[in-house]
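J.: One letter stands for each residue in the lines below.
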Amino acid sequence: LTRCGSAYPLPRLDLTLTGAMYCLLKLVPLFLAVAVCNGWLFGDFVGKQKEQDEISLWPLPQKFQSSAVAFKLSPASFQIVHAKQSSAGPSCSLLENAFRRYELHSPLFTFENIEIKLKTFCSLCVDELSIDEPSAVLKAANVWGALRGLETFSQLVYEDYYGVNNINKTDISDFPRFAHRGILLDSSRHFLPLKVILANLEAMAMNKFNVFHWHIVDDQSFPYMSRTFPELSQKGAYHPFTHVYTPSDVKMVIEFARMRGIRVIPEFDTPGHTESWGNGQLDLLTPCYSGSSPSGTFGPVNPILNSSYDFMTQFFKEISTVFPDAYIHLGGDEVDFRCWESNPDIQKFMAQQGFGKDYSKLESFYIQRLLDIVAATKKGYMVWQEVFDNGVKLKDDTVVEVWMGNKMEEELQNVTRAGFTTILSAPWYLDYISYGQDWQHYYKVEPLSFPGTDAQKKLVIGGEACLWGEYVDATNLTPRLWPRASAVAERLWSDKSVTDVGNAYNRLVQHRCRMVKRGIPAEPLFVGHCRQEYKGL
Amino acid sequence: MSRSGSHSHRVRRWCLIAAVVAVWVQQVEGVWPLPQQLHQSADRDCLSPQRFSFTYGRDSAAQTGCSVLDAAFKRYFSIIFPDFTTLSENVLQYMWSEPQPFVVSVSVKTRGCDGYPDEDSDESYMLSVSEGQAVLRSVSVWGALRGLESLSQLVYQDDYGTYFINKTEIVDFPRFAFRGLLLDTSRHYLPLYAILKTLDAMAYSKLNVFHWHIVDDPSFPYQSRTFPDLSNKGAFHPFTHIYTQSDVIRVIEHARMRGIRVVPEFDSPGHTQSWGKGQPGLLTPCYKGSVPSGSFGPVDPTVDTTYKFMESLLKEVKFVFPDSYVHLGGDEVSFACWQSNPNVRKFMEKMGFGKDFTKLESFYMESIMNMTAALNKTSIVWQDVFDYHERIPQDTVLEIWKGAKYQTELSRMTQAGHRVLLSAPWYINHISYGQDWRNSYAVQPQNFSGTDEQKKLVIGGEVAMWGEYVDATNLSPRLWPRACAAAERLWSNEEKTLNADLAFPRLKEFRCELLRRGIQAEPLFVGHCRHEYDGL
Numbered sequence: 001l002t003r004c005g006s007a008y009p010l011p012r013l014d015l016t017l018t019g020a021m022y023c024l025l026k027l028v029p030l031f032l033a034v035a036v037c038n039g040w041l042f043g044d045f046v047g048k049q050k051e052q053d054e055i056s057l058w059p060l061p062q063k064f065q066s067s068a069v070a071f072k073l074s075p076a077s078f079q080i081v082h083a084k085q086s087s088a089g090p091s092c093s094l095l096e097n098a099f100r101r102y103e104l105h106s107p108l109f110t111f112e113n114i115e116i117k118l119k120t121f122c123s124l125c126v127d128e129l130s131i132d133e134p135s136a137v138l139k140a141a142n143v144w145g146a147l148r149g150l151e152t153f154s155q156l157v158y159e160d161y162y163g164v165n166n167i168n169k170t171d172i173s174d175f176p177r178f179a180h181r182g183i184l185l186d187s188s189r190h191f192l193p194l195k196v197i198l199a200n201l202e203a204m205a206m207n208k209f210n211v212f213h214w215h216i217v218d219d220q221s222f223p224y225m226s227r228t229f230p231e232l233s234q235k236g237a238y239h240p241f242t243h244v245y246t247p248s249d250v251k252m253v254i255e256f257a258r259m260r261g262i263r264v265i266p267e268f269d270t271p272g273h274t275e276s277w278g279n280g281q282l283d284l285l286t287p288c289y290s291g292s293s294p295s296g297t298f299g300p301v302n303p304i305l306n307s308s309y310d311f312m313t314q315f316f317k318e319i320s321t322v323f324p325d326a327y328i329h330l331g332g333d334e335v336d337f338r339c340w341e342s343n344p345d346i347q348k349f350m351a352q353q354g355f356g357k358d359y360s361k362l363e364s365f366y367i368q369r370l371l372d373i374v375a376a377t378k379k380g381y382m383v384w385q386e387v388f389d390n391g392v393k394l395k396d397d398t399v400v401e402v403w404m405g406n407k408m409e410e411e412l413q414n415v416t417r418a419g420f421t422t423i424l425s426a427p428w429y430l431d432y433i434s435y436g437q438d439w440q441h442y443y444k445v446e447p448l449s450f451p452g453t454d455a456q457k458k459l460v461i462g463g464e465a466c467l468w469g470e471y472v473d474a475t476n477l478t479p480r481l482w483p484r485a486s487a488v489a490e491r492l493w494s495d496k497s498v499t500d501v502g503n504a505y506n507r508l509v510q511h512r513c514r515m516v517k518r519g520i521p522a523e524p525l526f527v528g529h530c531r532q533e534y535k536g537l
Numbered sequence: 001m002s003r004s005g006s007h008s009h010r011v012r013r014w015c016l017i018a019a020v021v022a023v024w025v026q027q028v029e030g031v032w033p034l035p036q037q038l039h040q041s042a043d044r045d046c047l048s049p050q051r052f053s054f055t056y057g058r059d060s061a062a063q064t065g066c067s068v069l070d071a072a073f074k075r076y077f078s079i080i081f082p083d084f085t086t087l088s089e090n091v092l093q094y095m096w097s098e099p100q101p102f103v104v105s106v107s108v109k110t111r112g113c114d115g116y117p118d119e120d121s122d123e124s125y126m127l128s129v130s131e132g133q134a135v136l137r138s139v140s141v142w143g144a145l146r147g148l149e150s151l152s153q154l155v156y157q158d159d160y161g162t163y164f165i166n167k168t169e170i171v172d173f174p175r176f177a178f179r180g181l182l183l184d185t186s187r188h189y190l191p192l193y194a195i196l197k198t199l200d201a202m203a204y205s206k207l208n209v210f211h212w213h214i215v216d217d218p219s220f221p222y223q224s225r226t227f228p229d230l231s232n233k234g235a236f237h238p239f240t241h242i243y244t245q246s247d248v249i250r251v252i253e254h255a256r257m258r259g260i261r262v263v264p265e266f267d268s269p270g271h272t273q274s275w276g277k278g279q280p281g282l283l284t285p286c287y288k289g290s291v292p293s294g295s296f297g298p299v300d301p302t303v304d305t306t307y308k309f310m311e312s313l314l315k316e317v318k319f320v321f322p323d324s325y326v327h328l329g330g331d332e333v334s335f336a337c338w339q340s341n342p343n344v345r346k347f348m349e350k351m352g353f354g355k356d357f358t359k360l361e362s363f364y365m366e367s368i369m370n371m372t373a374a375l376n377k378t379s380i381v382w383q384d385v386f387d388y389h390e391r392i393p394q395d396t397v398l399e400i401w402k403g404a405k406y407q408t409e410l411s412r413m414t415q416a417g418h419r420v421l422l423s424a425p426w427y428i429n430h431i432s433y434g435q436d437w438r439n440s441y442a443v444q445p446q447n448f449s450g451t452d453e454q455k456k457l458v459i460g461g462e463v464a465m466w467g468e469y470v471d472a473t474n475l476s477p478r479l480w481p482r483a484c485a486a487a488e489r490l491w492s493n494e495e496k497t498l499n500a501d502l503a504f505p506r507l508k509e510f511r512c513e514l515l516r517r518g519i520q521a522e523p524l525f526v527g528h529c530r531h532e533y534d535g536l
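As given, the protein sequences belong to chains A and B, one line each in that order.
Residues in the first sequence are numbered consecutively from 1, following full-length UniProt numbering.
Residues in the second sequence are numbered consecutively from 1, following full-length UniProt numbering.
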């Protein structure tokens with residue numbers, strides 16, 4: 001119970017499997033007024049087979065057994081309760097909230113109905129879900145597992161021809177294949193209103209994603225409102241009031257995510273990708289030179305000034321308190337060296353340090369100091385692959401994110417051979433759109449296909465679907481992300497053997513209709529229709 | 001300044017102060033699509049929603065009671081002043097002690113307020129914005145609508161929320177008479193609101209033909225009064241996924257109010273799988289060896305019942321859709337099923353077609369086109385019909401959809417004296433990463449080898465949004481602002497609009513304006529709009 005009161009989802013699942021802490025949920029379907037509603041009466045109804053098809057779990061559970069025996073659910077008498085032997089009870093508001101959500105989910109769920117009331121805290125998961133007359137029992141090691149189980153439960157419910165909710169006798173035992181199943185959203189190239197972020201967290205939960213990688217700032221804008229350095233957003237955001245995330249916005253995102261068992265990992269990418277930082281923090285960026293005089297433009301963070309490191313120390317101290325997750329993403333990608341090259345002070349510094357003309361050494365110099373700064377805040381860090389490629393000395397628990405499409409397997413091999421944990425996003429850059437069913441490409445990726453030992457493979461802790469924001473904002477984000485990201489979700493959750501594209505297609509078609517029904521404008525996979533079409537606008 | 005009274009001086013001064021305080025980079029906003037002639041000066045007038053009005057000019061043939069323009073005045077008032085209803089009048093009075101009036105006077109030469117726009121509609125207009133007034137002159141109400149749209153795009157707000165309009169002279173007319181957009185409501189059903197929203201955005205972009213690809217293989221959502229079983233059995237759902245007669249009327253009227261024609265497409269003999277469900281005997285039974293396989297192919301062109309059915313259907317279409325054009329499809333007919341069917345083979349023999357099934361297709365299309373002609377309708381057909389069969393009624397309009405070598409096709413068709421529509425380069429359902437609007441923008445519809453006479457036969461073009469991967473969840477952001485590129489190509493002077501880099505900032509502005517008007521238009525590139533989209 002005390003654990004339920006204060007926890008965030010943790011990065012590594014196995015860390016949280018402590019003792020007998022589990023929630024037991026009882027699902028008590030009561031029958032409609034007449035006994036006719038009892039499932040067995042319809043047991044061999046002609047339409048039965050059709051209804052069976054409508055059960056479409058996504059992502060597919062590890063073990064799943066279902067019989068044709070159906071039970072009717074009545075919204076009036078449907079309840080989700082804590083089991084007596086559960087270590088969580090009515091004071092576990094995380095579960096109470098989830099009960100309410102899924103209560104709505106199962107029969108009639110619309111996005112507008114979600115109440116965002118978030119107060120207390122709860123903590124992964126091996127689930128067992130068994131539905132047997134007249135109740136369903138969900139066992140999980142902790143609340144996070146219970147959340148996954150509830151989502152699965154909601155997906156088991158289907159409407160028969162009379163519009164009545166049914167659920168079949170089912171046994172499921174489930175757990176994720178990978179611990180890190182992330183979505184990256186970019187709120188710098190275009191500002192994403194809070195509503196859009198929350199809706200996508202909701203969709204993530206429907207797909208059992210558990211990490212929101214928030215690429216919150218970049219060259220184009222700095223919407224994160226910092227308490228320590230308010231000028232960063234005042235001068236670096238597209239607009240200082242309408243296009244910012246206030247501290248309470250950020251809190252809301254974190255809490256909304258936590259309620260759904262989703263970690264929020266913010267990315268503050270440096271030393272490149274920082275143009276917008278310079279607007280509100282003078283002298284942070286390197287002045288570029290044209291010949292012997294400053295050109296008026298700026299490059300990456302200036303790595304030769306102590307003030308840069310002082311700034312980073314204070315800034316990341318704030319970040320480490322604002323974001324509860326154990327990890328911060330530090331970026332470190334795509335540093336353009338031309339500006340550094342042009343600057344005489346930097347040249348001098350390079351000579352002093354004996355870096356010669358190798359600017360990647362200067363980059364490493366910067367990153368090294370930054371990592372020490374962040375390590376001092378007791379946070380772990382994630383970095384883009386270049387940081388590893390450039391030979392920066394990394395702490396053992398650093399997570400290296402592989403994003404470059406070429407030589408992806410080689411990179412995975414190298415990173416894991418060096419003993420680092422890694423996540424894969426290279427094959428899942430969803431901002432690259434093309435005509436047709438590209439979800440199949442994402443689906444067919446096998447993250448562990450690189451040559452390496454078992455120990456190396458274990459170091460791949462997951463992956464991320466990235467929706468970079470050059471061409472994406474509130475108008476097109478949601479249909480562009482869903483259901484394409486769902487393909488990644490199943491790859492990261494389900495067993496390695498789940499690779500049948502045809503089977504996946506049938507389930508995914510229905511899963512996308514389910515998302516639409518729940519208010520998420522997930523785009524179609526191909527020709528066809530949903531019983532309930534999107535009613536947006 | 002010809003105005004008298006001391007108040008006006010005060011207001012004028014206030015205006016100037018506002019102008020000085022306002023950021024100087026405040027650009028005079030562009031108009032999309034670019035008018036044929038546009039002259040603007042830096043002089044500008046403040047607009048007060050309180051004192052802004054539309055009026056009919058004294059010499060105007062249309063006066064109050066003209067449905068199209070009355071409704072347009074109402075619409076454009078809210079478009080020009082979107083926050084009007086949220087501001088309290090008292091506050092305004094306090095701020096604007098005595099604002100100057102601004103009157104938009106609209107004069108049209110011919111009335112025609114109750115008619116429908118058609119192929120001969122004159123959409124030209126002249127707009128003159130000067131101190132305290134704008135004068136809009138056009139031949140028809142449809143031209144007046146285009147002028148009102150341009151006017152609405154001339155108004156902008158400074159950082160304080162004050163509305164301004166610069167002194168402007170516009171002489172404008174479309175380059176092509178037919179500027180279409182195709183929506184496909186068969187592969188996915190599009191709810192009515194999605195169609196109506198699209199019509200709104202079309203009007204903002206001065207597109208004037210809604211090509212309604214209403215039925216196809218996957219579903220038959222059109223509820224026919226003559227053959228109700230077509231949608232009862234052929235729609236995805238007989239009640240939720242159909243267009244009733246009143247839905248269709250609503251679409252046509254919504255379009256009419258915006259000067260948009262509705263051209264329905266009833267594509268046959270191919271693309272008709274869904275027809276077969278509600279009309280037994282219509283489709284060709286395919287054979288496997290000597291027995292029917294249970295599957296069906298294109299419309300059966302060998303039986304009389306087919307032609308009777310088509311005639312009744314087309315009669316209904318004539319009755320329901322007022323436009324003088326109807327699209328008959330005729331594309332992508334697969335011959336495999338016809339080949340398999342012994343009756344069809346017998347018929348081929350009888351007709352002396354040999355093994356050439358294109359002749360059978362032509363036979364069918366010719367009958368349908370003649371039927372259409374007898375109903376006083378102009379047929380549009382896809383290029384396949386021309387490719388297979390050069391002897392088609394002269395007034396048939398041909399639509400080019402095949403991507404490769406469309407210039408050659410343009411030459412051939414116009415040489416044969418046919419009017420042509422170009423849509424091949426504007427299949428914008430084909431998405432790709434990046435700014436693909438630039439490809440649409442670079443199209444030069446009259447850049448093919450041919451005489452001036454031939455070039456004139458290109459009556460316009462169409463943006464096509466086929467529905468394989470599109471429904472209400474993603475239609476709007478996929479259409480807009482990508483369709484705007486073709487809209488400008490079809491309206492504006494090509495020489496003035498060939499540079500996509502020059503167009504970029506104007507289109508970016510226009511996209512933000514679409515957002516402000518509630519159209520879910522996706523971004524062109526990194527950046528932001530003052531009013532971001534507020535939905536999901």
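Any given hint could be a false lead.
Below, a sample of chain B positions facing chain A; criterion: calculated Cβ distance under 8 Å [to be verified]: (1) G112; (2) C113; (3) G115; (4) Y189; (5) P238; (6) Q245; (7) E366; (8) S367; (9) N370; (10) A373; (11) N474; (12) Q520.
Computed spacing ranges between beta-carbons, pair by pair [what the hints assert, rightly or not]: (13) T499/A with D395/B: 54 to 60 Å; (14) S290/A with N166/B: 51 to 57 Å; (15) V103/B with V322/A: 52 to 58 Å; (16) S128/B with E341/A: 55 to 61 Å; (17) T297/A with P505/B: 18 to 24 Å; (18) R100/A with I459/B: 58 to 64 Å; (19) V103/B with S290/A: 39 to 45 Å; (20) L502/B with P344/A: 36 to 42 Å; (21) R369/A with N166/B: 53 to 59 Å; (22) Y433/B with V501/A: 22 to 28 Å; (23) H441/A with Q444/B: 49 to 55 Å.
If you are wondering where the hints come from, they were derived from the structure by calculation, not from laboratory data.
Predicted model, so just to flag it, every value in this text is computed and none were measured.
Glycine included, C-beta positions come from ideal geometry on N, C-alpha and C.
J.: For each hint, tell me whether it holds in the structure or not.
T.: We went through each hint and held it up to the structure:
1. G112: At about 32 Å, which exceeds the 8 Å cut-off, the nearest Cβ of chain A leaves the hint on G112/B violated.
2. C113: 30 Å, violated
3. G115: Violated, about 30 Å.
4. Y189: It holds, given that the least Cβ distance between Y189/B and chain A is near 6 Å, below 8 Å.
5. P238: 12 Å, violated
6. Q245: 21 Å, violated
7. E366: Violated, about 31 Å.
8. S367: 29 Å, violated
9. N370: Constraint on N370/B not satisfied, violated at 33 Å.
10. A373: 33 Å, violated
11. N474: Since the shortest Cβ distance to chain A is 4 Å, the answer is holds.
12. Q520: 5 Å, holds
13. T499/A with D395/B: 54 to 60 Å: 56 Å, holds
14. S290/A with N166/B: 51 to 57 Å: Cβ of S290/A to Cβ of N166/B: about 37 Å, so the range 51 to 57 Å is violated.
15. V103/B with V322/A: 52 to 58 Å: Because 55 Å falls inside the window, the suggested range holds.
16. S128/B with E341/A: 55 to 61 Å: 56 Å Cβ-Cβ, so the 55 to 61 Å window holds.
17. T297/A with P505/B: 18 to 24 Å: For T297/A and P505/B the Cβ distance comes to about 21 Å; the hint holds.
18. R100/A with I459/B: 58 to 64 Å: 59 Å, holds
19. V103/B with S290/A: 39 to 45 Å: Violated, since V103/B and S290/A (Cβ atoms, about 54 Å apart) do not stay within the stated range.
20. L502/B with P344/A: 36 to 42 Å: 39 Å, holds
21. R369/A with N166/B: 53 to 59 Å: 54 Å, holds
22. Y433/B with V501/A: 22 to 28 Å: Check passed, 23 Å falls within 22 to 28 Å.
23. H441/A with Q444/B: 49 to 55 Å: 35 Å, violated
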